[in-house]
Amino acid sequence: MSDNRFSPGLGEGEQESRGSDVRLTLPARPENVAVVRHVLGAFAEALQLPDPLIEDMRLAVTEACTNVVRHAYSDGEPGPAEILIRPEGDSLLVVVTDKGRGLGPSADSTGPGLGLPLIAALSHSFEIEQVPDNGARLRMSFRRGSELESV
Amino acid sequence: MTAGPQSSGEPQTTVSIVAGPLVGPVLRRVVGMLAARADLPLDRLDDAVLVADLIAARAPAHVSGSRVDVALEPGARSLSLKVGPLRPGGGQALIIDAAVPGVGNVIEQLADELSVSPEDSGEYLHVRLAYAATTA
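Protein chains in written order, with this note's numbering: chain F, 1031 to 1181; chain S, 611 to 746.
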């Protein structure tokens, strides 16, 4: 396992190991969303983030991961969901990447749901983009309000 | 919640953490959750978390880079961990480091299988914890 394992799914700025980031790769299955939530909780507690921010992050990241589970892959074996969590200055960056069908309407949904508007409302900033080969990447940034303590 | 073993076509579950104070809190939660999902009973779940804590505490001194990488594979009442890449000799050194005075080597005592294997990218420590119910 090398750092390059995550390269296909991450943007240029996210491939390099920096500070105290955590990278998770999980099969995109519903039960694994809870694993991501727990890891996020461990990260937030270690950084002593305020509870309201932790809850916002948990909800937003849950929505992002649920989108991957529901829409990224067609029937059959679930593909990978890659999650990067990294403190960046006064913000916490969370990147959720899949290698699925990419952006666009999916056959199994009746229209835009609440997921992305919710993420937009809970995060300081977010962007979603198509990954060059396959899949999609959602970057969320959560502002703490003051400089994160270095760990 | 019982997921059973991952099917062969599924991507592996991996966690990669910059060596430092986050390794323990993150690794113990991931291992704890996957051990519970693998239907390990409570005492073996405790064992799995203890092994995770020891790996988190000792592995940073033996990894070949700046990160602690662990691949996890839940099975039917078992959980396998693959730690690495480690520097040459790091696998055995990590096992030796897991000795606790007065207790002995905790990983050796708790693991059902323990081995070190060389691969192109470095050494890897393999740990498997399982639960086999005894029948009367």
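Errors might be hidden in some of the hints.
Unchecked claim - Output of the computed footprint for chain S on chain F, the stretches with three or more beta carbons under 8 Å from beta carbons of chain S:
1) 1060–1070
2) 1073–1086
What the hints assert, rightly or not - Some chain F residues near chain S, calculated using beta-carbon distances under 8 Å:
3) L1054
4) P1057
5) R1100
6) S1104
7) D1105
8) G1109
9) P1110
10) E1157
11) I1158
12) V1161
13) P1162
14) N1164
As the list claims (entries may be wrong) - Ranges of calculated distance between the beta carbons of each label pair, as one might list FRET restraints:
15) S/E723 / F/Q1078: 36 to 44 Å
16) F/S1104 / S/Q719: 41 to 49 Å
17) F/D1163 / S/P651: 41 to 49 Å
Honestly, the hints are just simulated from the structure, not real lab data.
Cβ coordinates follow ideal geometry from the N, Cα and C atoms, glycine included.
Checked hints:
| no. | hint | in the structure |
| --- | --- | --- |
| 1 | 1060–1070 | holds (count 6) |
| 2 | 1073–1086 | holds (count 3) |
| 3 | L1054 | 5 Å, holds |
| 4 | P1057 | 4 Å, holds |
| 5 | R1100 | 17 Å, violated |
| 6 | S1104 | 13 Å, violated |
| 7 | D1105 | 13 Å, violated |
| 8 | G1109 | 6 Å, holds |
| 9 | P1110 | 4 Å, holds |
| 10 | E1157 | 23 Å, violated |
| 11 | I1158 | 21 Å, violated |
| 12 | V1161 | 15 Å, violated |
| 13 | P1162 | 19 Å, violated |
| 14 | N1164 | 13 Å, violated |
| 15 | S/E723 / F/Q1078: 36 to 44 Å | 38 Å, holds |
| 16 | F/S1104 / S/Q719: 41 to 49 Å | 45 Å, holds |
| 17 | F/D1163 / S/P651: 41 to 49 Å | 43 Å, holds |
Going down the numbered hints, you'll see the structure goes against 5, 6, 7, 10, 11, 12, 13, 14, while the others check out.
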